[in-house]
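Fit chain to chain and form the complex, with the hints in mind.
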Amino acid sequence: MSWQRVGRIAGRIAGRIAGQGIRATLLLLFLCVEHAQSEDLARLEEQAIQRAAASVADSIVQIQCVGGRRRVDGVSLGDGPGTGLIVSPDGLILTSRFHFARQPTAILVTLPDGARLPARMLATDASRGLVLLKVDLPAATPPLPVPKAASADSAQPGAWALALGRTFDPAEVNISVGVVSATERIWGKAIQTDAKISPSNYGGPLVDIHGRVWGLLVPLSPSRDGEVAGAAWYDSGIGFAIPYETIREILPRLARGEDLQTGFVGVSLVDEQNLFGIMPQIQLVHPDSPAAKAGLQKGDRIVAVDREAVETIAELMYRLKPHLAGDGVELLIQRESAQFGKKIIVAPERDISWRKTPGDAKKRLPPGQLPGRKKKDRFDHL
Amino acid sequence: MKLSVQKIRRIGFWFAPLLLLACALHADAGSFAEKVNQVQPKMVKLYGAGGLRGLEAYQTGILISPDGHVLTAWSYVLDTEGIRATLHDGRSYDAEVVGVDPWLEIAVLKIPANDLACFPLERAVSGRVGERVLAFSNLFGVATGSEPVSVQRGVISAVTNLAARRGVFQTEYEGPVYVLDAMTNNPGAAGGGLTNIDGNLLGLLGKELKNRQDNTWLNFALPVEAIHESVAAMIAGRPQVPPQNRSLSVREPVDLTKLGLSLVPNVVDATPPFIDAVVPGSPAAAAGFVPDDLVLFVDDVLVQSIVDLQRVCSRIEGGGTLRVLVRRGEGLEKLELETEIPETDLDAPEGTLR
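Chains L and P are the protein sequences, given in the same order.
Position 5 of the first sequence, counting from 1, maps to 5 under the working numbering, and the rest follow consecutively.
Position 292 of the second sequence, counting from 1, maps to 1292 under the working numbering, and the rest follow consecutively.
Isolated chain P (complex conformation) (with noise of 0.2 Å):
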């Protein structure tokens, strides 16, 4: 009998904390909240420079050790001695700039504090195109006090190259990036953190960046696989290497004039780069340009215009095949120009390229 009632005891006893769970799981049911609550230890909101000329004195960054290094975009913020970072919490530090990357344009901090919450950059993950995502800043400095920063939810709507065309985008930055279909780009959200749906670091927000393909805002986030590497670097003290290719100069670029090959003249902003002439004998002839025929494709880039043209020439060493795509009448022409300049120097037509 005793035996009985104690077990009924012991029935509700395991019976009340199982309700309790019900109520708690049930108001997550379908929401981010779990997660938002897991990252937001991990994101800090910095102060520093700025304050001017609509230029905010503030920013995002994410805590990527336990020691309190923190990882943020390199900016004006930064520039100078007294950056405070002010966690979740409210616990504020004045923070040091570790080292910073001036092509991937982002630095590492480090606050003075331990057994901190963090997003170690050697476990976070890649998204795909479709992935659901939870972006973290403190976008337009709402977060004022000892709050936790912003959360917006969108998903990456591409994942891209800025390199893809080059002075396409206003930044030194040229890897591949998370395009991103919540306004996420915001003053004072550089330095971000974007997760998936589990609470895993995907990337940095990055700056406000415009798209001067079509004009429009973009925003985005960088890759951790992108910047892992220098941000191990910064941390273990290593110099920081120029990616390769930047330093490296053109030295004899690809001369169409030289090749046989002239332009109508560039009359009008934005020239369409029409063929006027092609020098018999020459490289262009054998390739099988015609004059009228409209250049649109130079290896792989799109040419909108006679200066666009040259500009994509002047990229490229010369030696090589270069492969040209023309509209020719109706149709398209694809054509291969060596573009090695012959020994017998061709007699440049009049109102020729450079």
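Isolated chain L, as found in the complex (with noise of 0.2 Å):
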């Protein structure tokens, strides 16, 4: 009797020296596995930098310039090489305008294999910032690699982000890691990363963790346009990616030799700089504008753009900016108390004569300055 309690005690004690002794183990088993983990983690995070820089790598290209202006808008131009990325397998290369802000005498283009061949440029998307390359591949040349594309809505803000160029070394790309840090910005044009975008990787494509291409790469502004502007952003954790659906939307375009540029209806609005304060209202209709070719006048309101009501002068430049002239786009106006639907054909900024708006006046513009031509930062003008 006692010794069957003594032995139930000792029993009992001894499973639970065995439990402990299980859970001892499990823990520091679960230990080292996650210790391992931390430490591989950044490990592989690295490995998959790396593989994925290698990956898309044979598509991207140096572009070299010769000749040419040394200064444009105020910044200071180097003879530095810039990137391309491979869009054909018969040679189409798309890259930045920022490389050509210099207008150079001849354009050169080194293959990731070191052939270097003669360039000539086909067309421009003054829109996007972005430049569409030709090179002639000699006979026997295999069809260049053409990278995959990443879908669109996988760029989700957060994601792993490389940006890629090969300025440095034509023999190797040069890598920028961050993150996208926002998607169709610059009024619905761009996805934001926090890689660091400058000249030595504008030009070269955006890529997910997977190599895969997300954009390309170019310096934006919000509120100016030229071959330069948003340069000065430069490594500053603001870049921007034209993205690839974009690009796949144009590229026949620019391949047929169309240069593409923003499309402007043709208007000033009142209080143009309070942005999303008011709505917007029609200060001045310029002439020969398809604003005033539709017959829009002075205090019509917009106030849907392609049946999307738009409520302040930012979600109306939201609406109208990524038009490219030539494209089609419904207005709803207000005027007093009608609603009316106006299609418009929107047209590049030369073909309309702008007038001086009050704040223009105000402002002062220099002699023989446009006003779409300034310099300063401005929304004033659609």
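Derived from the structure by calculation, the hints contain no laboratory data.
Quantities reported herein were computed from a predicted structural model and do not represent experimental measurements.
Think of the CB as a built atom: it goes at the ideal place given N, C-alpha and C, for glycine as much as any other residue.
Incorrect hints may appear among the rest.
Chain L residues, not near chain P, derived (Cβ > 10 Å throughout) [to be verified]:
(1) G80
(2) L92
(3) Q156
(4) P157
(5) P199
(6) Q281
(7) K293
(8) G295
(9) R301
(10) R350
Short, incomplete list of chain P residues facing chain L, as computed with Cβ under 8 Å [claimed, not checked]:
(11) G1130
(12) R1132
(13) A1158
(14) I1197
(15) S1305
One-sided excerpt, in silico: chain P residues whose CB lies under 7 Å from chain L [as the list claims (entries may be wrong)]:
(16) S1157
(17) V1179
(18) T1216
Laid out in structure tokens, this is it:
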């Protein structure tokens, strides 16, 4: 009886000891695994970064320019090489307009295998800061590798993003690592990243952690146009890439040699600097503009674009700015108590006779300077 | 019975530290904190000359021996008798300059201390593109007192040679560098340390430098292997030898005019180097140059303008074969120019080089 009791107690204790032991062993195992994981995580990320860069490297070329200007819009341009991305097997190369601001005499492309080829400029997209180049491949050259695209909706803020260039060493791509900061920036036109974007990777791709292309790196500014606009933000943690699906849409047009430009309605608005405070109301309809042709008048309010309601100037910009000259846009206009729709074809800036607005008069434009050509930040004309 | 209870206690005794360890490890999971803590005692803050006209009177250094040798960048900050070195824990010493290497723009200092944590340079490792790195420096002097320097993280963006194109960077140094994608090269950061994520030393953070190729600021570090030998020489008290080739001057540079090549008049800033005329029977004609060729590369160096071409040629000793890539119409031509000047002096055409 007493032996049985002793036995039972001993058994219980032994069980507990065993239990504790198992638990301790499990914990120890878990710790080892976790420690290994924390060590390995950083290493795995590093490997993934290097693998991603290597997987797309064959589609990234170096671009060199000879001759041309040294300063454009107050920005000193260097002689340094730029980067481009192969977008067709037969030698179409997409890059940033930044590299050609100097209007070079000759353009040279160095392929990843070291082959140097002369390139010619086929067309420019001034709205998104892109240039399409063409190199003629010598006979018996294998088709050039076109990179894989990432799906557009995978560009989620917070996702790893790699900015790649080929400027320091023609034999190796240069890498900057960050995350996707935002999408639909610069009035809906660009992906934003905190990877370091500068002349050393303008024209290169922004890729995901698998090396799939999200877009093409370009300098952009929300308030200015021009070849070097946005370059002042280099390496700041605010960089932009034109999404690949936009590129797919415009590539056939560029390949045909068609230059693309931002489309303008041709109006100035009341209190244009007040982006978020007031409803867009027309202050001035500029002559020869799509707005003039459509019969828009001073005092008209724009209440919707392409059936999407707009309540502020910022919302209007967001709807209008992605449009290229020649695109059709449907405006819903409120004139006094009447509402009516107007279909217009937005026009390039140069086709519109921009008149000075009361705001311009106050700012005293230098003689000979068009209101649309000011270097200051502005949101004054649409 | 008694024995069993003791065993239980013993298990508890082992169990508690395990739990603590678990917590400690958990706090470190996925972060570089542990490595950073190991590196910080090896970094020093240096205070010296400056403080006027926007020049900072501070920079950063790396302890490279247990006896107080400090590796740093050579700058005006060291131009004083009273250099102070402050360790991560606030201990502060007067530092003496042991040696400087004006070509690498580095210096070795010594502080009177022993048994210091340090990075022996022979144990340094090399980095590669895409490798994740940590940069340690007293950037902007924000570590003002007895505290460790600041840590930044990034990746090695490129491994490149500053000498790849002379005159591109405003520095004497022409060797290899790690280009970083973090903004590491700030006032006070020169002389700081670059490590990999294991906390091993990769390089020394350089001075603030502008990349003339694209007018951007360059963030870079000198690889340890590029400076190791010089540092050893400084510590051993051996005199510094200038790097080879530097003192070699070109005796008879390549003269394109004498080779029968004349360029278009250099009328504007950055006139592209178009060929204007080729003297018949000259080495240039033999090489196959024709008027309107645009010179793009000379021996793998891109030439952007007539001035650039003259500069490149002035650095090449005549007599050998020059590889020249020209654009002719829509295509490229590779030409080989024998630069031996022929006996019979060619009549130099008008409007020629030099």
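Under 8 Å, Cβ to Cβ, is where S1305 (chain P) needs to be relative to chain L, so tell me if that hint holds or is violated.
-> holds, 7 Å
When the nearest CB of chain L is found for V1179 (chain P), is that gap smaller than 7 Å?
-> Constraint on V1179 (chain P) satisfied, holds at 6 Å.
Let me know if the C-beta of I1197 (chain P) comes in closer than 8 Å to any C-beta of chain L, holds or violated.
-> With Cβ-Cβ at 5 Å, under 8 Å, it holds.
Double-check G1130 (chain P) for me: the hint is only fine if its C-beta lies closer than 8 Å to a C-beta in chain L.
-> holds, 4 Å
10 Å Cβ clearance of K293 (chain L) from chain P = holds, 42 Å
Distance rule for P157 (chain L), whose beta carbon must clear each one in chain P by more than 10 Å = The claim stands: P157 (chain L) keeps its Cβ more than 10 Å from every Cβ of chain P (closest is about 19 Å).
Q156 (chain L) remote from chain P - nearest C-beta pair above 10 Å = holds, 20 Å
Would the least Cβ to Cβ distance between Q281 (chain L) and chain P come out above 10 Å?
-> holds, 42 Å
R1132 (chain P) as an interface hint toward chain L, with CB separation required under 8 Å = OK, holds: R1132 (chain P) within 8 Å of chain L, min 5 Å.
For R301 (chain L), is the shortest beta carbon distance to chain P beyond 10 Å?
-> The claim stands: R301 (chain L) keeps its Cβ more than 10 Å from every Cβ of chain P (closest is about 45 Å).
Is it correct that the beta-carbon of R350 (chain L) has no partner in chain P closer than or equal to 10 Å?
-> holds, 27 Å
Whether P199 (chain L) stays farther than 10 Å from all C-beta atoms of chain P, as the label says = At about 4 Å from chain P, P199 (chain L) fails to clear the 10 Å cut-off, so the statement is violated.
Comparing the model with each earlier hint shows violations of hints 1, 5; every other hint is respected.
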